[in-house]
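*Asks:* The lines below spell out each chain.
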Amino acid sequence: MNVTSTPTVGGSVRSLPRPRRRRTDRAHRGITAAIFLSPTLLVIGLFTVVPMIMTIVISFHRWSMFTPITDMDFVGFDNYARLLNDSARVQAIANTGVYVLLSVLITVPLAFLIAMLLYFPRLRGRNVVRVILFATYVIPTIAIVIIWSNIYAPGYGPLSAMVQAIGLTPPGWLSDPQWALLSLVIFNVWQMLGYYVILLVAGLTQIPEELYEAAKVDGAGIVRQTWSITLPMLSGSLVFVVLMTIINSIQVFDPIYLLTQGGPAGSTNVVSFEIQRSAFQYGQAGDASALAVSLFMLIVLVGVVLNAILKVRKR
Amino acid sequence: MKKHTWLSGLGIAAAVALVATGCSSSGGSDSGSTELTFLTHWGPDQVTMLEEAASAFTEENPDITVKVQAVPFANLLSTLRTQGASADGPTIAGIYDAWLPELARDGLAAEAPADVAKDVEENWPEGVVSAASQDGKVYGIPNEIDLYQLNYNTALFEEAGIAEAPTNWDELVTAAEAITATAPDRQGIGFITSWNSGAVHPFLSLLASNGGSFLNAAGDAADLESPEALETAELYQQLVDAGLTDSSMSGANANTTGPYLDNFVNGKTGMIIMANWWEGSLKDAMGDDFANVATAPIPVGPSGDVSSSISYSWDTIVNGNASDEKQAAAWKFLSWLNGPDSGENGSSAMGDILISMGILPSRVSDVDAHAEALSSEFLSSYVTAMETATPFPTVLGASAAADALQRQIEALLNGQADAATAMKTATTDVDAALTAAR
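Going line by line, the protein sequences match chains A and B. Numbering of the first sequence is given in the working numbering, commencing with residue 1 and proceeding in unit increments. Numbering of the second sequence is given in the working numbering, commencing with residue 1 and proceeding in unit increments.
In short, the hints are calculated from the structure, not lab data. You may find that some hints are simply not true.
To be verified - Residues from chain B that face chain A, not an exhaustive set, calculated with beta carbons under 8 Å: (1) G89; (2) S247; (3) S399; (4) A411; (5) Q416; (6) A419.
Said to hold, decoys possible - SDA-like, lysine to any residue: derived pairs with alpha carbons at most 20 Å apart: (7) B:K268 <-> A:T169; (8) B:K268 <-> A:T24; (9) B:K424 <-> A:A88; (10) B:K67 <-> B:H41; (11) B:K268 <-> B:M286; (12) B:K67 <-> B:S323; (13) B:K118 <-> B:K137; (14) B:K268 <-> B:E164; (15) A:K311 <-> A:S235; (16) B:K118 <-> B:W331; (17) B:K424 <-> A:V90; (18) B:K268 <-> A:Q164; (19) A:K311 <-> A:V293; (20) B:K424 <-> A:L84; (21) B:K332 <-> B:D352; (22) B:K283 <-> B:S380; (23) A:K216 <-> A:P121; (24) B:K424 <-> B:K283; (25) A:K311 <-> A:L234; (26) A:K311 <-> A:G221; (27) B:K332 <-> B:F57; (28) B:K268 <-> B:A163; (29) B:K268 <-> A:S235; (30) B:K268 <-> A:T136; (31) B:K268 <-> A:K216; (32) B:K332 <-> B:G320; (33) B:K424 <-> A:S87; (34) B:K424 <-> B:L230; (35) B:K268 <-> B:A285; (36) B:K283 <-> B:D45; (37) B:K424 <-> A:S235; (38) B:K283 <-> B:A163; (39) B:K268 <-> A:P170; (40) B:K137 <-> B:E164.
Just so it is clear, CB atoms sit at the ideal spot from N, CA and C, and this is done for glycine as well.
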């Protein structure tokens, strides 16, 4: 029997049972937590962790999707080595980089500007504008693509007509390799802008009004207030928006599949489209998985870097 | 105890449900009938015709029923990849012949029984049979065959003062110059981009008409640095440099139409090189103006002797993973569907369905049965071209190789690469694609 000795008044010693109740409570809490968490863990395990592990395993094999998964041949790092030896994949990686960079450079400052315009001036109807902006994010891409394919139509499309109206020759928005990727970036900015504006407006509401009042008393103008109060106080939201823009842009697929099929001349071929093509058109599931794993690692790396930047700024 | 009983009950119920599910999906129902699934990319009208043919077959064979599953062309191969490997996946699938090497290698396409193979060998042209075969064994029953010809707008030709369709490349360039000169927003000839077959097949047809070929005789390496291939690429470069073709007017959308079709039907493009199955799209888009569309053989190049179009065919295959009973039923249905007794006036039911889409049937007796329809002004040139057609290579990696060539053709059309660089890069990429697929 487990006992503990406790000194008592008068020098007598009384044996007490160990505080089992606390340990039992802890154990109970653990079991209860496990029971309550198990459905979620099961779902995450089945639908997230298992497919991720399978993707990693497949990336080290050669496997045709027409055959059972047990018929894979181990090829080591061959699929990864081929990533940089295939000109189409190198072009896809480069295009993805350009697409992400342009999306961030255009979307984030624009979203910040619109968020400021929607938040600070007390204008009527600004909530309506917010809803309209957000609507582009809610509407399925397939529906938007129908409209944008007409907007970008050469010759008779409204965009070409506008350019022609000012005496310029419109480019082939989706058929000119020098314009096609940029046209898709513009589409992405238009589609995602509302979502990021809402996120930034939410961030702006968290900045205490008193800070601006104090700054005004000190004679700070709008530029100084933005630079010294808004930007530092909004840095968390801004980093999140940058991260989301990068993640969404890296994963771009729908507009490319629907509008350009990676062309012309591979100018809009991006990593996610190349994954689809490798797996479902060429039947090279190992290559596609290696690309997918690389893409995932890239996203994780971006997340880690941004997180580190945020921590440094906080210090 | 109570808990154990409840769990045991649940387990038994689950087992019973699984067994029941397994039974229902095995394809052999209690009534003894075999249900087949036919995967196709056809549109609603042709699906209805196929369903009617299947019903007629079931009347004669009450123990076999056929269910049609239609998906868009762009999703056909991916549907096969996700469903085909299962014994309960589509029993029959219509496939593009370039996919056959992989499907046969992986056992998804079953080898045709001896009687079916004999029927195919006896009743289809040799080139089409070879496209439906791998290592000398027949794996599918061919149905449609597609070729490319020069389509031109006679009204624009008249306006440009050109009397006849070009028969060689010099005449092609002259005609393109004359048409381009008629109006500032016109192009003499259009080459489609952003759609692999649309970009690659016209190039390869011009190459074949110049005495060249896409791959070497063994089908394991590109033959795109040959003098014939360089001349073909130089023709493209010449047309681009002279402003006789404008890539901004020739993009395709997801339906393989888009600006390319729009500019031709609106009289802004004088000539295109396109497949016979476009007839329906042209008729729908042009209405009465379709009367201005004429068809001519692919112009012959300086190193070529005869006009030769790239041809490709479609086959119906049977799922090699399906049960023996299902496979036997599937071959029975396909033999009937493609046989001379299932359609009208000596045509097969398949031949009737294909003709309704303006597609050339490949069975010899179907071509005879539909001789009148195939002698139309638009189609007759395509039918004649079957004699000298060059089949698109059906080797492992052909799809990836075609995509690699497409990128360089589009680079040429957009002035991003000269002819020699484009063919050199294409050779490297095509070789890499073929190697990766083996």
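*Asks:* All hints, please: hold or fail.
*Replies:* Hint check:
1. Contact between B:G89 and chain A, as hinted, is not supported at the beta carbon level, the nearest pair being about 10 Å apart and thus beyond 8 Å.
2. Interface restraint check: B:S247 against chain A, minimum CB-CB distance 6 Å, threshold 8 Å, status holds.
3. With 8 Å as the threshold, the beta carbon of B:S399 comes within range of chain A, its nearest partner Cβ sitting at about 6 Å, so the hint holds.
4. Given hint, B:A411 at the interface with chain A, holds; its Cβ is 4 Å from that chain's nearest Cβ, closer than 8 Å.
5. For B:Q416, the suggested interface contact is upheld, since its CB lies about 6 Å from the closest CB of chain A, less than 8 Å.
6. The beta carbon of B:A419 is not positioned within 8 Å of any beta carbon in chain A (closest approach about 15 Å), and the interface hint is therefore violated.
7. Taken as a hint, the B:K268 and A:T169 pair is honoured in the structure, with Cα atoms around 17 Å apart against an allowance of 20 Å.
8. At roughly 84 Å between alpha-carbon atoms, B:K268 and A:T24 are farther apart than 20 Å, so this suggested pair is violated.
9. Of the supplied pair hints, the one linking B:K424 and A:A88 holds, its CA atoms being roughly 15 Å apart against a limit of 20 Å.
10. Distance restraint check for B:K67 and B:H41: the Cα-Cα separation of roughly 14 Å lies within the 20 Å cut-off, and the hinted pair is therefore satisfied.
11. Between B:K268 and B:M286 the CA atoms are separated by roughly 13 Å; this keeps the pair inside 20 Å, and the hint holds.
12. Restraint check: the Cα-Cα separation between B:K67 and B:S323 comes to about 17 Å, which is no more than 20 Å; the hinted pair holds.
13. Of the pairs offered as hints, the one joining B:K118 and B:K137 holds, with about 10 Å between alpha carbons and a cut-off of 20 Å not exceeded.
14. Note on B:K268 and B:E164: the hinted pairing holds, with a Cα-Cα distance of about 19 Å set against a maximum of 20 Å.
15. Simply put, A:K311 and A:S235 have alpha-carbon atoms about 11 Å apart, close enough for the 20 Å limit, and the pair holds.
16. Of the pairs offered as hints, the one joining B:K118 and B:W331 holds, with about 13 Å between alpha carbons and a cut-off of 20 Å not exceeded.
17. Proposed proximity of B:K424 and A:V90 is supported: the alpha carbons are some 18 Å apart, at most 20 Å.
18. The hinted pair formed by B:K268 and A:Q164 meets the criterion: a straight-line CA distance of about 18 Å does not exceed 20 Å.
19. Our distance criterion of 20 Å between C-alpha atoms is broken by A:K311 and A:V293, whose separation comes to about 27 Å.
20. Distance restraint check for B:K424 and A:L84: the Cα-Cα separation of roughly 19 Å lies within the 20 Å cut-off, and the hinted pair is therefore satisfied.
21. Between B:K332 and B:D352, the direct Cα distance comes to roughly 19 Å. Compliance with the 20 Å bound is thereby established for this hinted pair.
22. A distance of roughly 16 Å separates the Cα atoms of B:K283 and B:S380; the hinted pair therefore holds under the 20 Å criterion.
23. Of the supplied pair hints, the one linking A:K216 and A:P121 holds, its CA atoms being roughly 16 Å apart against a limit of 20 Å.
24. Proposed proximity of B:K424 and B:K283 is contradicted: the alpha carbons are some 39 Å apart, above 20 Å.
25. With a C-alpha separation of about 14 Å, the suggested pairing of A:K311 with A:L234 holds against the 20 Å cut-off.
26. A threshold of 20 Å between alpha carbons decides the hint, and for A:K311 with A:G221 the separation of about 29 Å lies outside it, so the pair is violated.
27. Distance restraint check for B:K332 and B:F57: the Cα-Cα separation of roughly 10 Å lies within the 20 Å cut-off, and the hinted pair is therefore satisfied.
28. The suggested pairing of B:K268 with B:A163 holds, with an alpha-carbon distance near 19 Å, which does not exceed 20 Å.
29. Our distance criterion of 20 Å between C-alpha atoms is broken by B:K268 and A:S235, whose separation comes to about 53 Å.
30. Proximity of B:K268 to A:T136 is assessed by CA-CA distance (about 35 Å); at most 20 Å being required, the pair is judged violated.
31. Annotation: proposed proximity of B:K268 to A:K216 is violated, straight-line Cα distance about 63 Å (limit 20 Å).
32. Straight-line distance between C-alpha atoms of B:K332 and B:G320 comes to about 15 Å, which keeps the hinted pair within the 20 Å bound.
33. For the hint pairing B:K424 with A:S87, the CA-to-CA distance comes to about 13 Å; that is within 20 Å, so the pair holds.
34. A C-alpha spacing of about 9 Å is found between B:K424 and B:L230, which places the hinted pair at or below 20 Å, so the restraint holds.
35. With a C-alpha separation of about 14 Å, the suggested pair B:K268 and B:A285 falls inside the 20 Å cut-off, and the hint holds.
36. For the proposed pair B:K283 and B:D45, the alpha carbon gap of about 16 Å is at most 20 Å, so the pair holds.
37. Under the criterion of a C-alpha separation no larger than 20 Å, the hint pairing B:K424 with A:S235 is inconsistent with the structure, at around 50 Å.
38. A threshold of 20 Å between alpha carbons decides the hint, and for B:K283 with B:A163 the separation of about 23 Å lies outside it, so the pair is violated.
39. Taking the CA atoms of B:K268 and A:P170, the gap is near 17 Å; set against the 20 Å cutoff, the hint holds.
40. A threshold of 20 Å between alpha carbons decides the hint, and for B:K137 with B:E164 the separation of about 45 Å lies outside it, so the pair is violated.
Checked against the numbered hints above, the structure breaks hints 1, 6, 8, 19, 24, 26, 29, 30, 31, 37, 38 and 40 and satisfies the rest.
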